[in-house]
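Protein chains in written order, with this note's numbering: chain A, 1 to 128; chain B, 1001 to 1297.
Calculated from the structure, these hints are not laboratory results.
Watch out, some of these pointers could steer you wrong.
Pair ranges (Cβ atoms, derived) [to be verified]: (1) B:Thr1255 - A:Asp31: 18 to 24 angstroms; (2) A:Gln30 - B:Leu1267: 36 to 42 angstroms; (3) B:Glu1184 - A:Asp74: 34 to 40 angstroms; (4) B:Ala1076 - A:Ile54: 41 to 47 angstroms; (5) A:Gln18 - B:Gln1137: 49 to 55 angstroms; (6) A:Gly99 - B:Thr1270: 23 to 29 angstroms; (7) B:Thr1185 - A:Ala121: 36 to 42 angstroms; (8) A:Val19 - B:Ala1076: 47 to 53 angstroms; (9) A:Gln18 - B:Thr1255: 37 to 43 angstroms; (10) A:Arg115 - B:Thr1255: 24 to 30 angstroms; (11) A:Val118 - B:Gly1279: 36 to 42 angstroms; (12) B:Val1253 - A:Asn105: 20 to 26 angstroms; (13) B:Leu1267 - A:Ala68: 57 to 63 angstroms; (14) B:Thr1270 - A:Ile54: 32 to 38 angstroms.
Coverage of chain A stretches by chain B, computed from C-beta distances (three or more under 8 angstroms per stretch; other residues unrestricted) [as the list claims (entries may be wrong)]: (15) 82–91; (16) 99–106.
What you are looking at is a predicted structure, and each value in this text was computed from that prediction instead of being measured.
Quick reminder that beta carbons are idealized off the backbone N, C-alpha and C, glycines included.
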Amino acid sequence: MERIPILKMGDYLLVTIQVDMHDRLAMALQDDLTGRIVSARSKGVLIDISALEIVDSFIGRMLGDIAAMSRVLDAETVVVGMRPAVAITLVELGLSLSGVRTALNVERGMELLRRRIVDQARTDGSTA
Amino acid sequence: MLIDLLESDEPAILQRWMEHHLSAGSYRPDRISRAELQEHSTQFLSALRRALASGTADIYGADWAAVRHVLDALSASRAEQGFSPSETAMFVFSLKEPLFERLRRQHANDAAKLADGAWEMNGILDKLGLYTAEVFQRGRDAIISRQQQEVLELSTPVVTLWDGILALPLIGTLDSARTQVVMETLLQRIVDSGAAIAIIDITGVPTVDTLTAQHLLKTVAAARLMGADCIISGIRPQIAQTIVHLGVELGSVVTKATLADAFRIALQRTGLAVQKQHGPPRKKLVEPDTASEGNEA
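Could you put the whole structure together from the sequences, leaning on the hints where they help?
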């Protein structure tokens, strides 16, 4: 069965969705990603969906779920590179993914993750 | 029967018809010249004669293509000249009187033939008249939809205020169709320019109702999904009151009273600031290269 590769880059995990998502693939990604967050002790997840042309409510909800699961596991999720048509579709479906952080491209997304983690480290340090 | 009339008497019928055109109340010398009218009438009559000679009565058939072509051109030019639909259709209907006169003269002693001739003429001219009105209406519709499209395109400019800061000044009522265009243009521009902040200015939006607010919120949500923040500016006092009275929840959307305030916030977020220059401002504008030399000195 085909799977979406999850790349580890330092403290972060990088997921690039290059194929059309179907439901089984999405469920497999959810399983793999949560497993990897724990095993790699990652602080951030970056999901690049710039190649994704079609979304439905299931995929939309899955993105929200992944973000929520990662937060439970203490990792920040950033979704990057959403196409205009995909954004309009999600909004029309009523899925504004309010719990997910977004960025325009991978570069900005990485910057966002790095800043978040620096901020977090600072607040953790001050409370300790 | 009708064809006999036309073949024997075409110039006389044309002359009577022209007289009829000129004396009728619908004649507009300010919009259409006599020569043009004469040309249209001549073309129509000769096309009608040829179509009748073919023997078919189906005005949508191939034999009637020339007649339809004349009427198409006529309707199109009259739609542009500002004629009303009935004035345009009267062009065809007014042919009835001269034709009927001829028929009556020809069949003065035969009521049955007169009735047949009148019936045939009525049937054909009514169909042609309705066809003219239809084409006229279609021409008008085409003009209206083209103008609508133009207005739609003109009214959704996305301007770049600074590197990474876009502004979208909205003017006029926001309906669903317009919101769709606004949303698509804005999102495409965000992708093209890589902007992180978009300011939606609604100074030119006359009223905000729940639907408009929902459209705005959708646009903001879509831009956020793509990774750009939106600021809504240009909210007039009345609109602020309406929004609260309607119970519209703007949520976490940043709103500002003026575009200037929104721009200041946008600059702040991108790490920029506008600063006053030291020293008194220059009295006179100087050439760009001399100015730069002056600064270096």
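Report the numbers of all earlier hints that the structure fails to satisfy, in ascending order.
-> Hint check: 1 and 13 fail, others pass.
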